[in-house]
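Chain by chain, the residues:
Number of protein chains: 2
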Amino acid sequence: MLRTQSAPRTLASQLPHVTPGETVTIQGWVHRRRSLAAVTFLILRDRSGLTQVVVKAPETVAQVAALGEETVVSVTATLVANGAAPGGVELVDPVVVPLTEPAHTPPVELWRPTLAAGLPTLLDHAPVTLRHPRRKAAWQIASASMQGFRRALTTDGFTEIQTPKLVGTSTESGANVFTVDYFGKPAYLAQSPQLYKQTLVGVFERVFEVGPVFRAEPHDTVRHIAEYVSLDAELGFIEDHRDVLAVLRGALAGMVSAVEELAADAVSLLDVRLPVVPEEIPVIHFSEALRLVGAPEDEPDLAPAHERALSAWAVEEHGSELLAVEGYPMRKRPFYTHPQPDDPQWSNSFDLLFRGLELTTGGQRLHRYTEYQAALGASGQSEEPYDGYLQAFRHGMPPHGGFAIGLERWVARLTGAENIREARLFPRDLNRLTP
Amino acid sequence: MLRTQSAPRTLASQLPHVTPGETVTIQGWVHRRRSLAAVTFLILRDRSGLTQVVVKAPETVAQVAALGEETVVSVTATLVANGAAPGGVELVDPVVVPLTEPAHTPPVELWRPTLAAGLPTLLDHAPVTLRHPRRKAAWQIASASMQGFRRALTTDGFTEIQTPKLVGTSTESGANVFTVDYFGKPAYLAQSPQLYKQTLVGVFERVFEVGPVFRAEPHDTVRHIAEYVSLDAELGFIEDHRDVLAVLRGALAGMVSAVEELAADAVSLLDVRLPVVPEEIPVIHFSEALRLVGAPEDEPDLAPAHERALSAWAVEEHGSELLAVEGYPMRKRPFYTHPQPDDPQWSNSFDLLFRGLELTTGGQRLHRYTEYQAALGASGQSEEPYDGYLQAFRHGMPPHGGFAIGLERWVARLTGAENIREARLFPRDLNRLTP
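Here the protein sequences come in this chain order: Z and R. Going by numbering that gives the first Met the number 0, the first residue of the first sequence is number 0, and it counts up by one from there. Going by numbering that gives the first Met the number 0, the first residue of the second sequence is number 0, and it counts up by one from there.
Derived by calculation from the structure, the hints in this document are not laboratory data. Treat the hints with care, as some may be off.
You can't tell identical chains apart in this list, so a pair holds if it fits in one copy or across any two.
[To be verified] Derived lysine-lysine pairs resembling DSBU-like cross-links, with alpha carbons at most 35 Å apart:
#1 Lys55 x Lys331
#2 Lys135 x Lys184
#3 Lys135 x Lys55
#4 Lys55 x Lys184
#5 Lys331 x Lys184
Using the sequences provided together with the hints, build the complete structure.
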């Protein structure tokens with residue numbers, strides 16, 4: 000088969016390194032056109048950024064006038080220096096070749112610095128509105144965060160796992176679970192890889208997973224979505240939950256470095272202030288936290304106002320935007336939670352607060368078979384649906400623990416998004432299943 | 000809170016670097032015990048390998064006799080050189096501290112070089128049988144392959160995406176789709192990220208995803224599972240499907256290097272022969288392939304015997320275990336397939352054969368809105384269920400294409416597994432939803 004050889008493509012980000020006077024070919028979307036009396040400025044957008052093309056030839060001006068925003072074109076032109084243009088260069092005397100049909104006018108003007116539309120409109124038209132540099136940037140931070148998470152844990156001896164999303168029993172919390180028609184029988188969508196990641200500590204000792212989890216959240220709020228990406232880790236041979244917190248610290252530091260390194264433009268565009276992850280995350284016990292915020296000592300949980308006060312305290316006292324609250328009451332934690340050895344009303348688990356809100360939960364799990372039998376019995380559950388899980392404990396499991404970070408929650412916190420839907424490509428909720 | 004400080008742990012793999020005579024603490028599972036008249040050999044397994052511990056003190060011999068295989072213990076002992084032991088070292092004069100209760104006897108003897116049980120037994124007891132070095136090794140190859148895939152594509156300017164697994168319409172193929180009760184309405188589990196990855200080429204140009212896909216396969220065969228991991232990529236601004244093949248080549252080369260580098264022990268244990276990925280994968284046209292194998296020229300597909308013959312031909316003719324067959328008949332390809340420009344009975348798509356079997360399918364897609372309208376019309380489908388997808392094309396999409404590699408299929412091919420279930424941690428099929 001014969002292949003037509005076109006000129007090699009140069010990306011917008013490479014143009015500042017091209018010698019002025021050279022001819023280059025760039026390809027991308029018509030981001031914006033500005034027609035003045037004697038000249039049309041064509042702004043082309045590719046994956047690396049924007050390029051200004053100066054159009055003067057009347058037939059090209061007419062051609063560009065007929066190619067609406069978002070049309071995909073190839074432009075071959077001469078590079079010249081222009082301090083006022085993006086990257087200090089622009090292209091002149093262009094030959095414009097459309098690579099597709101003229102695009103329909105986008106539902107929202109993508110060339111404006113911020114998108115002038117409500118969130119429902121942005122989500123209804125996500126295939127197009129995600130092209131806006133600000134929306135795209137939020138996901139670039141997500142993408143870099145996943146890389147950083149994996150890199151930190153892989154370096155630390157963790158094995159990546161992929162656990163089933165189709166499960167036979169709705170465990171952990173019977174509510175909020177999606178039911179699947181599984182060859183005529185009911186199955187469920189996994190709400191987390193919790194039971195499987197613990198099981199696999201028995202195989203690989205240290206495991207992580209980055210994948211979807213599903214929650215049939217009946218609430219339509221800015222914090223709830225029905226499907227999100229969970230960054231899960233679990234490790235064996237720990238002393239207690241403090242070892243888990245140390246690994247979480249490393250994962251967060253890796254995520255921040257990766258965002259700095261791989262999504263620098265997104266960070267700058269969205270004016271993200273990345274946290275400094277301290278060498279050791281400060282820890283306060285739940286009972287001490289209650290005293291500090293002046294709450295009754297039998298409160299089973301921290302109220303949002305308490306979390307904000309504790310974060311403010313951590314900044315003042317420890318210079319840290321991250322604070323771990325350990326020892327949450329056992330009665331508020333799931334059945335596999337390990338109690339605090341010296342006072343079993345408390346647990347060897349923690350919540351990590353970041354800028355006034357809970358970012359993630361982690362802790363030590365039970366590891367003895369007889370403890371699981373007792374815990375399931377105490378919570379009124381039968382062992383049978385947990386049979387696969389309990390196999391691991393019957394046949395020897397080390398002391399272990401882990402944590403899970405919600406990717407979208409992390410990104411929303413960094414970008415200051417008010418709605419978690421802004422941190423996901425195609426969110427799903429009570430009312431939204433498309434696009 | 001006071002923390003008991005135990006001695007720092009040394010991994011089995013680090014022991015050869017310890018000076019003989021030093022005291023070390025290792026932790027892991029009792030892999031095997033061999034009792035001779037005057038001595039008991041305790042083989043301990045941790046994530047890095049096996050360690051031989053020589054037990055002579057009568058009370059320790061008695062203690063070890065009571066701790067069954069798979070019990071998790073901590074052993075503090077003196078390191079000595081012994082050329083006959085694993086890694087050339089062994090531990091003597093041990094103090095053994097159990098870290099959990101004595102383990103129940105495993106359903107299959109994990110210390111034997113190969114697992115003496117049928118696949119159903121291995122899968123029923125996966126939480127324990129995955130601990131066998133050979134089963135573990137297969138997943139280590141999978142894990143390394145995922146890393147290699149991501150590394151190759153990230154280096155090549157691709158952005159990692161996470162697309163929804165809960166979708167509103169059962170597209171691509173109406174059969175084999177799982178239905179979910181989505182807040183009282185029907186939703187479906189995504190059979191692939193195909194439509195979303197194409198859409199996101201409009202945002203990021205080059206995207207990849209590693210995640211679960213779901214197929215309600217009604218066939219109980221060695222090749223079908225209901226959930227597997229798909230390694231997907233899609234890229235814009237291509238000339239045709241040959242550009243897609245070049246990226247696939249790079250991804251495969253990256254996967255092979257990562258397996259060599261990160262799973263060397265697994266490769267050696269399973270006696271895996273990794274393929275040499277040629278700089279350019281040889282390509283043969285479908286019509287030529289039919290002639291070569293002596294099939295009638297109106298055959299719409301290649302039979303398994305044809306695929307084997309073609310692979311043998313590629314080894315002989317090109318010295319390559321990989322062969323791309325391009326130009327498959329349009330009538331056998333999905334509606335979004337781009338025809339071969341000079342003869343539209345053929346397509347700009349390919350199958351990649353590896354050692355006699357199809358490994359992956361890829362190709363160029365349509366990119367014009369009017370082409371999609373025509374293709375959907377020709378296949379008798381309405382545009383409405385594809386509304387989100389079609390938005391991308393209405394508003395400008397570059398020529399693009401992509402491919403998908405089934406992770407388990409790749410691993411099964413490398414390890415020589417006869418059943419794809421051996422390449423997955425917890426497989427799901429017509430009859431299996433647990434553990």
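Evaluation of the provided hints:
| no. | hint | result |
| --- | --- | --- |
| 1 | Lys55 x Lys331 | neither (69 Å within a copy, 48 Å between copies) |
| 2 | Lys135 x Lys184 | between (40 Å within a copy, 31 Å between copies) |
| 3 | Lys135 x Lys55 | within (32 Å within a copy, 65 Å between copies) |
| 4 | Lys55 x Lys184 | neither (67 Å within a copy, 56 Å between copies) |
| 5 | Lys331 x Lys184 | both (33 Å within a copy, 32 Å between copies) |
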